[in-house]
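Asker: Here is what each chain is made of, one letter per residue.
Number of protein chains: 4
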Amino acid sequence: MGSCWGQNLKLSLFGESHGPGIGVVIDGLPPGMELDFEAVRRYALRRAPGRTPWSTPRKEADEAEILSGVYAGRLTGTPLAALIRNTDTRSGDYRDLQVRPRPGHADLTGRERYRGFADPRGGGHFSGRLTAPLTFAGAICSQILQTRGIRIAGHILEIAGIRDLPFNPAQPDPDQLAALADKPLAVLDDAAGQAMAAAVEAARLAADSVGGIVEAMILGLPAGLGDPIFEGLESRLGSLILSIPAVRGVEFGAGFAAAGMRGSEHNDVPVIRNQAVSYRTNYSGGVLGGISTGMPLVFRAAFKPTPSIGQEQQTVNLETMQEDRLTVHGRHDPCIVPRAVPVVEAAAAVFALDLMLGSGLFTAGGRESCHE
Amino acid sequence: MGSCWGQNLKLSLFGESHGPGIGVVIDGLPPGMELDFEAVRRYALRRAPGRTPWSTPRKEADEAEILSGVYAGRLTGTPLAALIRNTDTRSGDYRDLQVRPRPGHADLTGRERYRGFADPRGGGHFSGRLTAPLTFAGAICSQILQTRGIRIAGHILEIAGIRDLPFNPAQPDPDQLAALADKPLAVLDDAAGQAMAAAVEAARLAADSVGGIVEAMILGLPAGLGDPIFEGLESRLGSLILSIPAVRGVEFGAGFAAAGMRGSEHNDVPVIRNQAVSYRTNYSGGVLGGISTGMPLVFRAAFKPTPSIGQEQQTVNLETMQEDRLTVHGRHDPCIVPRAVPVVEAAAAVFALDLMLGSGLFTAGGRESCHE
Amino acid sequence: MGSCWGQNLKLSLFGESHGPGIGVVIDGLPPGMELDFEAVRRYALRRAPGRTPWSTPRKEADEAEILSGVYAGRLTGTPLAALIRNTDTRSGDYRDLQVRPRPGHADLTGRERYRGFADPRGGGHFSGRLTAPLTFAGAICSQILQTRGIRIAGHILEIAGIRDLPFNPAQPDPDQLAALADKPLAVLDDAAGQAMAAAVEAARLAADSVGGIVEAMILGLPAGLGDPIFEGLESRLGSLILSIPAVRGVEFGAGFAAAGMRGSEHNDVPVIRNQAVSYRTNYSGGVLGGISTGMPLVFRAAFKPTPSIGQEQQTVNLETMQEDRLTVHGRHDPCIVPRAVPVVEAAAAVFALDLMLGSGLFTAGGRESCHE
Amino acid sequence: MGSCWGQNLKLSLFGESHGPGIGVVIDGLPPGMELDFEAVRRYALRRAPGRTPWSTPRKEADEAEILSGVYAGRLTGTPLAALIRNTDTRSGDYRDLQVRPRPGHADLTGRERYRGFADPRGGGHFSGRLTAPLTFAGAICSQILQTRGIRIAGHILEIAGIRDLPFNPAQPDPDQLAALADKPLAVLDDAAGQAMAAAVEAARLAADSVGGIVEAMILGLPAGLGDPIFEGLESRLGSLILSIPAVRGVEFGAGFAAAGMRGSEHNDVPVIRNQAVSYRTNYSGGVLGGISTGMPLVFRAAFKPTPSIGQEQQTVNLETMQEDRLTVHGRHDPCIVPRAVPVVEAAAAVFALDLMLGSGLFTAGGRESCHE
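Chains as they are written, first to last, in the numbering used here: chain A, 48 to 419; chain B, 48 to 419; chain C, 48 to 419; chain D, 48 to 419.
There may be inaccurate statements among the hints.
So, partial list: chain C residues that the calculated Cβ filter (under 8 Å) puts toward chain B [stated by the list, open to error]: (1) 125; (2) 275; (3) 407.
Ranges of calculated distance between the beta carbons of each label pair, as one might list FRET restraints [said to hold, decoys possible]: (4) C/218 <-> B/319: 54 to 60 Å; (5) C/376 <-> A/231: 53 to 59 Å; (6) A/253 <-> B/92: 51 to 57 Å; (7) D/267 <-> C/226: 48 to 54 Å.
No lab work stands behind these hints: they were computed from the structure.
As the structure is a computational prediction, the values presented were derived from the model and not from experiment.
Idealized CB from N, CA, C, for every residue including glycine.
The shape of chain A in the complex, shown without the other chains:
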């Protein structure tokens, strides 16, 4: 298994890259919300392929058909199923890969796991395309969270070694965050963005690829959510972020940099602001002992370079059991990080709604609308 997630919200993903369709069943959504489906569509488009020079030319509208869980424009509270039909599929590109697996892909491990019966076309169930239904789910969760004052923001912190400005974890600038969603590259520093775009283009011309880091924040999360030990916020959110294809690491607050800090520096000093407890800094990234502090929940995810590259590569031939060479054709992004930003945000939204639903904070509620 592996396609189900959640405690208070259950996500069940399905589909293969070049099968009839992909989709998701979301069980546990709160009843009564009027969703803004046009906003869901815009959210999904940020991830959809074929929109920018650096993304795969595969054209997929990624329009989701709602099969259940919505009545008269509102969430019913029963499972919401959504189906995204695959349209632009070219299975011919992939047939050879069962014999000569692509380096850096799940071709070999998937073959082992499913004893050779997995759908090999386009990576099948392992395809990055499965992030489309996750993004759809995140778009819906995100709208619901906004009715409770919770917002999620993400940006490209790094591509090919080029760094954007980091988020201010203690006092983020709302205007800066609001501007991110409309930018073609989600960066705070546009000059860094241009350098990133150039680096991606250079990789593409070299028939190669580059990786990067996405940084994101959940704003407005109340203090006191989460559980100790195995259900701390880092474990729960981390497990979801690490399930996004190509993610190689996740860190919270100061993250790996905390390893080089002294306690006197890393300890966030509690202070009184507006008669309530707050913190002067946010090295903890909004979580202490697995429980939310009320400060922004800050985390970062490292993405490896796209494994599908145009240049000829060494591999093995599983029929001859000899070493062999391979050129991957197909259509692939030289850097998936720009399209990964909404996926990371979506995963954070799914996590945050699951968390909020477990907190008993959705019992009141009623005729909210997600239209702005």
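Following the hints, complete the assembly by docking chains B, C and D onto the known chain A.
Answerer: Just chains B, C and D, lined up with the frame of chain A:
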């Protein structure tokens, strides 16, 4: 909740730092193994406090009493419950902390989460002491794994910015790994170890603390284990590692460094070795698409500096709702990284046994003995 | 939530009776089986409405479209999603029921649970129509089980107080069982079947309805499956059977009759048959201590009479908060027991495959075909 | 596995009948309640052995030591672990049973399940003694529920075919219910109780045993709790009741009798009482579509006769693989139904608190006391 973990093996941790005791119930262990309880004891001692100059002087034998699940020296297959009594408790040290919470601790978040009713003594259920039953569970899982040729090795990769040599992820040296468990500081490069010890001592003298990084490997894991998407190995192991107190990040294979690599560099080239598929390099850290490749599963965990430091710190007074100052007395490690190595290994062992049990590879089995 | 089930197999049901469609995602199916989709279709038809005089005249082909999880005619091992479009929907029949809830239905409780936002048309997600995707899942599980020698048989034990012959729990007659699937009414004693049909017709003419009991057996289950206490076979199968709409009770082996027996009578005597342990009788219904004995797993489910009846009934008016009267129009079975037989069998198949997958008995396998 | 249960409350049971001890870890209890431990003790005593002529003469105080989760007399909200030491153990009684399994016991199935390594003494983990920690957990849950106006009542509906008066499911008499807990035999009709006691004594003298039925109600459950399909109240409570040793069936409301009713009779008519919706009858047993109606949740559990009987029985000899004879010595109840009443009530309390915790109704709360 938050104190249960596992799919095929269920761990249920309980206890508070200064209550009657701490412990664990482990459900799902395979029946029939003859455990080496002396080895379990040695394993636990590597984590136990009071053994080195840089660890808290709190003396706890951490002897676990087996309450169930073992009969005639062998695992029965029914739940194994173990109890570690708390003996050296000094509750007086902690009383004031309900009013003036310690910076960097869960005092404030735990108070919010449990509405003021959590046991405040020594961090209660949030105490690092809860890693003792986890380590006990890991010691048992580790022995069982060894009967299937699976071994776990960990070392201190970094303390206070001082780096040990990294593991060779593709072809680890068995002698080097075997030597680690007996060293007072688990490092490959003893000179680095001495520098680390000096840095820890310097922090202690400054009434401060330092953090670090633990690197670990699971060796011998068969290819083809794990599941796509939400139950990939990174998600499952990551969630467990992120549940260890003080961990701020986790990465697999090349990890965050992968973000700066090119695809042509990061893709591990498959090769034929002894008529079987292997890989020339191991940047993927033994996992592709969430499924094991058969190479060592390599990961790293970043630990923050111990939040309990001896110097006076700023905090808030929750009675006066004014800013205040606080000096934490108690007994604390200036660096928990050395004692964290067996904890990380234990978490990896719990994860790996849970994984193996789900793979159907323990159905045969029988009268194995964990004695060497 | 409530639409997910399973440990080793995860079912996720979705849909509303009069929405775009209903369906199921099944995660965890073993890879490699070649399914006989024609047999799946025949299995589903046994449940489908509109086939007999005593079933609702609603016409639904109940054709399932496979969206994922099947490649080249074989199970891939990744999630299988199936969609059944609703075609013959008549929403006008149901609009009034939000004000005047139908006695014996979930109209009132669903309204309370979902705060008035659930799809009210045809019972929405509470409709018995949701048993169609469960039956589809059971048809697939049943085929897989047959490759392991496990078969499921069910019959109508009772309708309107008229009793069929009971199964012989210790030594069932294979020919008798084989004949059941092709009969219009699944009974062992055709005379009893005729009396049942007459009783159903009498109830229909009286604008009333009748209930009954389904008895089923799982044959070929190996001894030693299951777990003690909370995961005993009775708990696991029972929870699934009790989730079928209209089921009011479930019993195993001698069931409620065991309450009136003496120990010396109820204890099944172990005997040696063909050099193996067997039992002379099967009052335990194939399960002792929650674990399978190797004898047929025998159980019964009691179904209440269909709540939708044609005669005028008393109810409340939720607008006026006065007592009121109601005549349910729509299209309803005067007895759902005949169509419930394949649903009970399907639930048993889902349970049995989930159980077998957890036993490690599907690791071998490979190119099995479910074609006979 | 099998020793864990719950969604919002996690129970983890451990222990063997003649090992060091048995116990439970309960995770998810609401923080802040002041428990009445004397009442917990009285509750447990109703189940404890050796108190009546018809119970096993094994003497166990069943005193639970609280290891965690309680501080200053109040629940902390972190896991509550409790340990009941086994004191009066006589292992010699059981040694032979590994060769000649007892009819009607889990000796053979447990042997198969655990490949011969389970603790054979007194049934080990399969012993009815494991209901002691479940009863302890139920005693605590019951107290918490009482602070929310929820009460549980149970009685012996039948022993050896002798019937008590049934509960009035629609309008139970509070005085009648209150009197039950103090009676030596929990019956409404004391004459029936005397006849039952005589029947038990007759069975004892015949070295035989008898079974029976326990009927119970949960009173005060709000309407609208539960989920459709797999998480309906019948599935959730049913799975827990079916996990009690010796239970062979469970039914809700009219139960199996519903199979013989007409829809016009079984449909509970909604009525207006005190400006709110209620029901004239309660054949549904307080649950429609898996969701609570607000009426008493009524259910019954059938218990088989105790399998341990004093008379010589036929069995098999697993060494010679010949049929053999066996006389079970040990100490056993000729009827476990009287002691099962508090166990059924405890299971209902665990279920009801798990349900309430998922409903968001415990977020307010605070300094409640469970002392009356």
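Asker: Hint by hint, say whether it matches the structure.
Answerer: Each hint tested on the structure:
| no. | hint | in the structure |
| --- | --- | --- |
| 1 | 125 | holds (7 Å) |
| 2 | 275 | holds (7 Å) |
| 3 | 407 | holds (3 Å) |
| 4 | C/218 <-> B/319: 54 to 60 Å | holds (56 Å) |
| 5 | C/376 <-> A/231: 53 to 59 Å | holds (57 Å) |
| 6 | A/253 <-> B/92: 51 to 57 Å | holds (53 Å) |
| 7 | D/267 <-> C/226: 48 to 54 Å | holds (50 Å) |
Comparing the model with each numbered hint stated earlier shows that all of them hold.
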